[in-house]
Amino acid sequence: MSLIKNKRNSQEDNQADPNGVAENKTKELTAMEQRQRQRFIDKATKVSGKYLRRLEELPGAPAAMQPFFKVLRDIYVEMKNVEKAAETKIVGTYCVMVPHELIYAVGAQPVKLCSGSYTAFAIGDDLVPRDACPLIKAVMGFQAMEVMPIYEDCALMVVPITCDCKKKMAGMLKEMVPTYSLHVPTSKSDDTDMEQYVQELYQLIPELEAVTGQTITYQGLAKSIDQMGFAQYEMSKFNDYKKHVPALIKGTHAMALMNAFSYMPVAQWSQQLHLLNRELARRKKDRQFVSKDKQPRIMVTGSPIIFPNIKIPLLIEETGGILVGDETCMGERSIYDPTVVVDQSFDGLMRSLANRYTRPCTCPTFVDNDQRIYRIKQMIADHQVQGVVYHVLRGCLVYDFEYQTLEDELGKLGIPVVRVESDYNEEDIEQLRIRIEAFIELIKLKDLAARPKKAEIAD
Amino acid sequence: MKKNDLTMKKIFTPAVLLVCVVLTLLSFSAYNLVFYQFSTDASGYTMTTAVSAEAEAKQTSTTGRLYFSYDNNQVTLNTVSNQDAAAAMIYALSVNGVTEMTADNMAVMSPDYLGSFIATLPQQSTDLDGDGTAEALYLAAKTDMEFTQGYMPNPPTFEHELFPLEIIFTDRTTVSVQFDGEPLADQAVTLTSQRSGTSQVTTNSEGVIEGLSLLDIRSGITVTYAADNGDNVYQMSYQVEDNTLFSNRYLAALTPFMIIVLLSAVGIILCLWLRRRIVTKDPVMGRFANGRMSLGPVGTMKGQRKFGFMTIRWSTMIVSFFALIYGGKLLGQWVGNIEIPIFACPINQDQLIASSCYTLAHLNSLVNMSWAEIGIFLASLLFSIVVLGRFICGFLCPMGLIQDLTHETRQGLKIEGLSLNEKLYSRLKPIKWTLLLLFLGLSFVGGNFCDICPAITVSPAFAGFKVSLFLGGFFMIIVLIGSFFKRRFFCNICPLGYLIGLGHKISLFRIKKDCQACTECGACYEACPMGIKTIYTEREKTDVTTVDCIMCGECIDKCPENKALSMSFGGLKFYRASRKTFMSGHKKTEKKLKRFIKKREKNESDQE
Numbered sequence: 001m002s003l004i005k006n007k008r009n010s011q012e013d014n015q016a017d018p019n020g021v022a023e024n025k026t027k028e029l030t031a032m033e034q035r036q037r038q039r040f041i042d043k044a045t046k047v048s049g050k051y052l053r054r055l056e057e058l059p060g061a062p063a064a065m066q067p068f069f070k071v072l073r074d075i076y077v078e079m080k081n082v083e084k085a086a087e088t089k090i091v092g093t094y095c096v097m098v099p100h101e102l103i104y105a106v107g108a109q110p111v112k113l114c115s116g117s118y119t120a121f122a123i124g125d126d127l128v129p130r131d132a133c134p135l136i137k138a139v140m141g142f143q144a145m146e147v148m149p150i151y152e153d154c155a156l157m158v159v160p161i162t163c164d165c166k167k168k169m170a171g172m173l174k175e176m177v178p179t180y181s182l183h184v185p186t187s188k189s190d191d192t193d194m195e196q197y198v199q200e201l202y203q204l205i206p207e208l209e210a211v212t213g214q215t216i217t218y219q220g221l222a223k224s225i226d227q228m229g230f231a232q233y234e235m236s237k238f239n240d241y242k243k244h245v246p247a248l249i250k251g252t253h254a255m256a257l258m259n260a261f262s263y264m265p266v267a268q269w270s271q272q273l274h275l276l277n278r279e280l281a282r283r284k285k286d287r288q289f290v291s292k293d294k295q296p297r298i299m300v301t302g303s304p305i306i307f308p309n310i311k312i313p314l315l316i317e318e319t320g321g322i323l324v325g326d327e328t329c330m331g332e333r334s335i336y337d338p339t340v341v342v343d344q345s346f347d348g349l350m351r352s353l354a355n356r357y358t359r360p361c362t363c364p365t366f367v368d369n370d371q372r373i374y375r376i377k378q379m380i381a382d383h384q385v386q387g388v389v390y391h392v393l394r395g396c397l398v399y400d401f402e403y404q405t406l407e408d409e410l411g412k413l414g415i416p417v418v419r420v421e422s423d424y425n426e427e428d429i430e431q432l433r434i435r436i437e438a439f440i441e442l443i444k445l446k447d448l449a450a451r452p453k454k455a456e457i458a459d
Numbered sequence: 001m002k003k004n005d006l007t008m009k010k011i012f013t014p015a016v017l018l019v020c021v022v023l024t025l026l027s028f029s030a031y032n033l034v035f036y037q038f039s040t041d042a043s044g045y046t047m048t049t050a051v052s053a054e055a056e057a058k059q060t061s062t063t064g065r066l067y068f069s070y071d072n073n074q075v076t077l078n079t080v081s082n083q084d085a086a087a088a089m090i091y092a093l094s095v096n097g098v099t100e101m102t103a104d105n106m107a108v109m110s111p112d113y114l115g116s117f118i119a120t121l122p123q124q125s126t127d128l129d130g131d132g133t134a135e136a137l138y139l140a141a142k143t144d145m146e147f148t149q150g151y152m153p154n155p156p157t158f159e160h161e162l163f164p165l166e167i168i169f170t171d172r173t174t175v176s177v178q179f180d181g182e183p184l185a186d187q188a189v190t191l192t193s194q195r196s197g198t199s200q201v202t203t204n205s206e207g208v209i210e211g212l213s214l215l216d217i218r219s220g221i222t223v224t225y226a227a228d229n230g231d232n233v234y235q236m237s238y239q240v241e242d243n244t245l246f247s248n249r250y251l252a253a254l255t256p257f258m259i260i261v262l263l264s265a266v267g268i269i270l271c272l273w274l275r276r277r278i279v280t281k282d283p284v285m286g287r288f289a290n291g292r293m294s295l296g297p298v299g300t301m302k303g304q305r306k307f308g309f310m311t312i313r314w315s316t317m318i319v320s321f322f323a324l325i326y327g328g329k330l331l332g333q334w335v336g337n338i339e340i341p342i343f344a345c346p347i348n349q350d351q352l353i354a355s356s357c358y359t360l361a362h363l364n365s366l367v368n369m370s371w372a373e374i375g376i377f378l379a380s381l382l383f384s385i386v387v388l389g390r391f392i393c394g395f396l397c398p399m400g401l402i403q404d405l406t407h408e409t410r411q412g413l414k415i416e417g418l419s420l421n422e423k424l425y426s427r428l429k430p431i432k433w434t435l436l437l438l439f440l441g442l443s444f445v446g447g448n449f450c451d452i453c454p455a456i457t458v459s460p461a462f463a464g465f466k467v468s469l470f471l472g473g474f475f476m477i478i479v480l481i482g483s484f485f486k487r488r489f490f491c492n493i494c495p496l497g498y499l500i501g502l503g504h505k506i507s508l509f510r511i512k513k514d515c516q517a518c519t520e521c522g523a524c525y526e527a528c529p530m531g532i533k534t535i536y537t538e539r540e541k542t543d544v545t546t547v548d549c550i551m552c553g554e555c556i557d558k559c560p561e562n563k564a565l566s567m568s569f570g571g572l573k574f575y576r577a578s579r580k581t582f583m584s585g586h587k588k589t590e591k592k593l594k595r596f597i598k599k600r601e602k603n604e605s606d607q608e
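For the protein sequence lines, the chains are Y and V, in the order given.
The opening residue of the first sequence carries number 1 in the numbering used here; numbering runs sequentially from there.
The opening residue of the second sequence carries number 1 in the numbering used here; numbering runs sequentially from there.
Keep in mind that the hints were calculated from the coordinates and are not lab data.
Among these hints, one or two may not hold up.
Claimed, not checked - Mimicking SDA-like on lysine to any residue, the simulated pairs with C-alpha atoms at most 20 angstroms apart in a straight line are:
no.: 1; chain 1: V; residue 1: K580; chain 2: Y; residue 2: H244
no.: 2; chain 1: V; residue 1: K533; chain 2: Y; residue 2: Q66
no.: 3; chain 1: V; residue 1: K486; chain 2: Y; residue 2: T192
no.: 4; chain 1: V; residue 1: K599; chain 2: Y; residue 2: Q268
no.: 5; chain 1: V; residue 1: K594; chain 2: Y; residue 2: Q268
no.: 6; chain 1: V; residue 1: K486; chain 2: V; residue 2: G417
no.: 7; chain 1: V; residue 1: K573; chain 2: V; residue 2: C515
no.: 8; chain 1: V; residue 1: K587; chain 2: Y; residue 2: Q268
no.: 9; chain 1: V; residue 1: K563; chain 2: Y; residue 2: A381
no.: 10; chain 1: Y; residue 1: K84; chain 2: Y; residue 2: S236
no.: 11; chain 1: Y; residue 1: K89; chain 2: Y; residue 2: V177
Next comes chain V alone, as it looks inside the complex (with noise of 0.2 angstroms):
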């Protein structure tokens, strides 16, 4: 045991220290490491003008006369009338500045354009208001393609000689008005947004419209400014790209996954294979290599309990993976400054909620914040951290829920996993702060975290957004691959849950243990994805909670002593461990048990 125990610290020390070099030396030529990259130019994309004659019949109102509309890679301009078509002016945003868009690009994009585009139709004179003179009205019309929304630090915006009026849309939060270059403060306009009817609205000091969601954005939005007294009309519709959920470019965004799930498959084969050759060798383990990774019908154990506290954490993961995925898409963002670790990856612009994930992925860049928005962050950050931990890790977070299922696949093969011991666990912690340091410091030495990060591969992929991977797609296959026969295998390494995790001591979220009534079966240590042994050995605190725990509650289920084990929320226990509970999955044998005696019973007093 003792040469064991040497061996293994000449072998572990060694090749921890070097993952902790690798992982350094990776993560600052991450973005030089491409495993997938999206054009991130409008190359592909054509643009045509369409008029469209319904939109005639309706010439009472201005709104809906000029505007853009996508089709997978087609970009429309709709007008009214042949007139308008043929006066509409394009132009476009490209490395060069502005670009005038003649037929030739208009065809075949020039890769030099950005993804924004603007086009203005020259001064027409009608009566708008009624009242007998005819006013100016100036017609424009601005869209942003889908990637051109990314946190950047400056949002495509066009020269004011081009149109004096400009809806620029950042962060994906926040739609403002620029009149002559100038914010648009303190000014009543005419909002007409294809969702929610016409409106009159107040700009704010800084020029900004107060109440829009990205769902309004994305569907269209017209904003009127009637200047010089009602002399001069302008209006300006804007529209960003919507990503279609299920058409051919979703698809395209899913490639990229598609490849890593493949290519993760052929790997946990690889594995497989490679630890079938090496079993088969050995003289007491070689004879059970079949039966170690059978995937033939096998029985399964029906002892335990099958509906229970589990159940409602795979749903909630199932509510909380669709939630962030798509709850932009289906319930609009809600409170917008509100930043909550975790909640949806900050590159899938149809989460749910924003997430200081990016933040603090970007420390560098609380230098351009405002002092509110920094308060924002820090006390939501510290309030996700006092509320729910990581109880985000074990019952929110999709990439948890991703890791679960490939390990419930291999539960349902019953294939053979791999169960590391404490030493491996121990030897964890200097990945642990690696990771956690080139997540929080990348940003001010040049590097980008997103770039290395795993998750990115997932949510903005199933949202339909087209994100570029790099180092981080690599990473992922190892992610997959190893959370087939290691459950949790990322969480275990996973810098934000770790920094969530740090903060455990002042979390609401707590598992409690009764010393006495714990038989030190190790059942909750076996179950543990997170390899926490505390949780059996400890022999005096009640309070069991550990950097590690994500609050998956399995230690608990597989608890069969009663009350040994309980999760509580601010000092309130709502889930207990219960042999009753725990052995419920025997009810139906005991079920059947009654039914045989009865029937013996009968025969016995029938004979009589």
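Bound-form chain Y, shown alone (with noise of 0.2 angstroms):
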């Protein structure tokens, strides 16, 4: 805790001088702090890189990726910012509830700070209760050492209501950095729930205009509606590309790319994913598939899969299995429902958000959340899957407690499902890798078991 309440008086010093920041912070380091400092960063890196070397490595990545690759080398190892114009201010969200077209209205710069940092979730461990999740542990670590640029330069964070641990992370924040928690409905069936949205979104907007002194402007909203609704629309036609069998891209290239999306500004990210999409297009005309006709197309659902975490895709597609699909948070979810404007007016626009943002959104922590079944059958039936893994990550209850219903469903459909719990570290490696392997084994076993049956219905 001692290291949250030097945060807090070193921003209370800052608040009585605000010429001296940048003094204020340097000052109060002692030289073990200093190197404690420099040995997270090293670690840091280092595991960062690692991920990187490996993503690059896995094969058929598109060259279309690199600028992709390049966002996440930028920010989790060559610890940059991210890349904007120098007076244009951070807002830092969290989940996938807060409205990115709000902030790029008012002029700021959206960042998704969810966390997947092991070096991170290693000092988060010590500030917050051994079961809050890692993501929380990873997060808190990042702000207790004040090196990443993502995290410092934050004029703003938004931090959704969603679960126990997100409501617990904005009052621990609300101690160190500027922090505003938007209050999500807890349930999505009845009207008076979007509504009080779009009273929280109105709320929002002043504390949003605050950060860059820009007045929210009809125009304004609108020109960043239609912007994300251009990456939406990419998106969609790179989703198309996805469920083409055999596949054409590799899925941990995909989640890389989705990871990417939060640190970088929509445009170019909508720039670059009409070049891969063009790429993809040229794969799929020259036939250059990344899979074979037998591999087993898996789909990973349940907790957020996050750079640097991205042991469970690279574990699937180096096991042998093809990652097709993904129904997480830090995936397709953030940017697959589009906006829909069916008023022009003003009130129009803010309901359309309120709209988008709670009601498709299949995030556990809602207590209604039957719709999320139902996405995911859809996604096995679009992308052709053959298994789901389940991932959780330790602490995640919300996620856990709708494993059981999903196993008893896509049981009827006779899809096999495998719940894998992991922690942000390398330690439970190996375990998983013999699980997914297994699991992906049983996968082609079902199938040979399968093929013959169905040439003999053919005969």
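Reconstruct the complex from the two isolated chains, following the hints.
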């Protein structure tokens, strides 16, 4: 807790003397703390670098993936900030319920701060209760170390109050940095829930405006909705390529792409995605596939998979499976649903945003979340999925709750599911490898057993 | 939240019941609540006699020697000679029976006159068929003013003592001929129509001449009947006053509608001002008071599709607006005895197809109908429920177009609307049923639903018919204000639509859903003007058609999931949701990006 206290003190000092920000920070650090930080940076960049290398070495990466890898490298290895104009303010967001459109509309740059860093996790382990989820630990770790530019330069953090961990995290962050807790309705079946969220978004606007000093206008909001819409347009094209059998792109690369979305201005991201789509179209034409016909088609769902914690998708693809889809909040879910504007007034735009960020959201923190099962079923049908890997981060209770229902439902469809629990460290990697390998073998055997039957029927 | 619900219940349940009771009470005295009254008598008109030299030249034919014509408020009896003009006797049908018109009441017509006139000439002798012997020729002309042409149980008839032959025009569909007070059954007569020339026709057993359209009757017909082996020839010309589009008369007919539009605009501005006052005081929303009702030049959303199914819907609505309002004038009336609900207001006489709306609102008139007519009415009602259903509401109803236009005005001005939620929608049910009961039952207790109906202000007025407005006029103001803020406000409580909707189970137009593809994003619900929530919450049934669905297709238009929603007709899915078309507005941005990338690549290769 001492780390947090230090930080709070420094923050208070900063407020008292806004001109001497940098000096204050350096002044307070003892030699030991400085060494600790340097060790932290070394370790964090090393781990991130390793996973990035594995990502790049995974065969079949399209050339157009390079800019996305570069962004991940810049953020996690080079410890740079998001590529942006110098005066642009950064607004940190968590989860998928914070409308990026609003942040762009006031001229700021949103950055998704949910973290997957093992090194930061180790630091955060001492700051939050043992049973808290590793994502929170990693975020708190980064926050305490004060070394990541994307965390340090945040003018405001918007934390949606979703699960218990996020709720307490918002409270802890408030002690250190300007934080706004965005209340997300706990249920979404009632119209009043969505209407409540519209009010919440209206209340968020003045907070965002205070960050940049730019007033939100109709034009600005309409433009940013269009901008996000274009990203969604490119994304839906990308999704169509992802549905192709045999696969045109590896799922791990697709997840890296979605991770890069967190740290890129949306216009730039959609432009790069456009180039990627172009390359995938070429691959499709040349019949240049990254998977073979018989390779088991796997889908990942459950707790967020955030770079550099991409061991599960990597394991799936390294042990002979092909990851064809993901239903996680760092993956498709964050951008899949488009904002549907039905009313052209300013309130209409706000309503459509509130609608888009609550109703289709399959986050298990909602009381009623049957639609997630339907969504997964649809993805299974779309991507011809043969097996589902259900990822649960240790301490991520909400996802664990939904496992049972999903297993029952998919059992009816005859789709095998495996629940893998993991933490933000590399200790469980061998155990995970064995389980995933076995799962993939199982699917292969199942497929083999089914094949002669199909042949018989054909005869 | 719970407390909120309770207060909602406390406020809304009595409010809805109050609305129902007030509606019922008002409907009984609807006729006394005058919004705008046109005179339904001949006062204001003048009658003159004219001699047309032109016609004199064509003396060979007897038709055209005596006929009425209209010019704004002037009725002219046209003759071919001064002699005829002096000899012509003009009679008018008045509340006191048949009155002979003198020079005095020709110049200023008495309000007693009911709008039907007849003119006769004394007996003449001419050799008509050229056989050498002169026949006795009796000439007469009859005319009915426009306002006599409502649905009336007894059409205007004169005594046969005045002139034995009489043309009687009933219900704007039937032309029958009477002779000496009896129907002229199974007789050959000569029919001359100004539009289609002369022909020999035979009347049927009820004296009806078939095959005449409203347009013929408006331009004037002449019936010649040679009685007593051709010795006595009776000839009568007949014309119904035609409403002329875009004349002063037409503008006069539009007056009440204009007043309604003006009052609605005032009402809307008042509402906006009031809301602004309330909103400004709100600690959170006060800041957005300006932004929320901006009228200034503001940007538009480009990302979503611009053309597609909705373009088809809009053009269908506009075409049907003109067809249903002016169709009779442009194309002549079609199949006179098919009755289709809502197909034009029956008070508008220029409608293309007869409508059963009137019969439904006046079910007591079924007693006077023949079994065949009742059969046609029921069969056509059933037919339209099965084949069209509430497709009528979404695509054909002129009232729907008016409401959509007011809604689009708001969209264009970017003014915040009123978004109802499920609780309010569910509370509309009592109002719907009250209106439906009034619609079907008011005629039995002496009322008339047409006096309440807001749609009556649109169709007849646009066609140029002076129709007096009662409670319906006031109602229309509320409807226009309502539909400005809430899309398709009236459709939510329209009794005719609801009646058709009740048969949605057997209707061929259907909205289908693929429950697995649905992500429950709620875009369809947000877009639905009727507030049908089941469309996005439904998770089992593939059919999501409900009583309220007006088949406008907005849900499918706004659905971003491939094939999640679709519209089908008799099992054939003809319109499916698709993400590609939903996002097609972004294609322009994509093209721009492609150009940009090409340019950049070219620059790069140049540098190398």
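Cross-check of the supplied hints:
no., hint, result
1, K580(V) <-> H244(Y), "holds, 17 angstroms"
2, K533(V) <-> Q66(Y), "violated, 45 angstroms"
3, K486(V) <-> T192(Y), "holds, 18 angstroms"
4, K599(V) <-> Q268(Y), "holds, 16 angstroms"
5, K594(V) <-> Q268(Y), "holds, 14 angstroms"
6, K486(V) <-> G417(V), "holds, 6 angstroms"
7, K573(V) <-> C515(V), "holds, 16 angstroms"
8, K587(V) <-> Q268(Y), "holds, 17 angstroms"
9, K563(V) <-> A381(Y), "holds, 14 angstroms"
10, K84(Y) <-> S236(Y), "violated, 26 angstroms"
11, K89(Y) <-> V177(Y), "holds, 14 angstroms"
Of the hints listed earlier, those the structure fails to meet are numbers 2, 10, in rising order.
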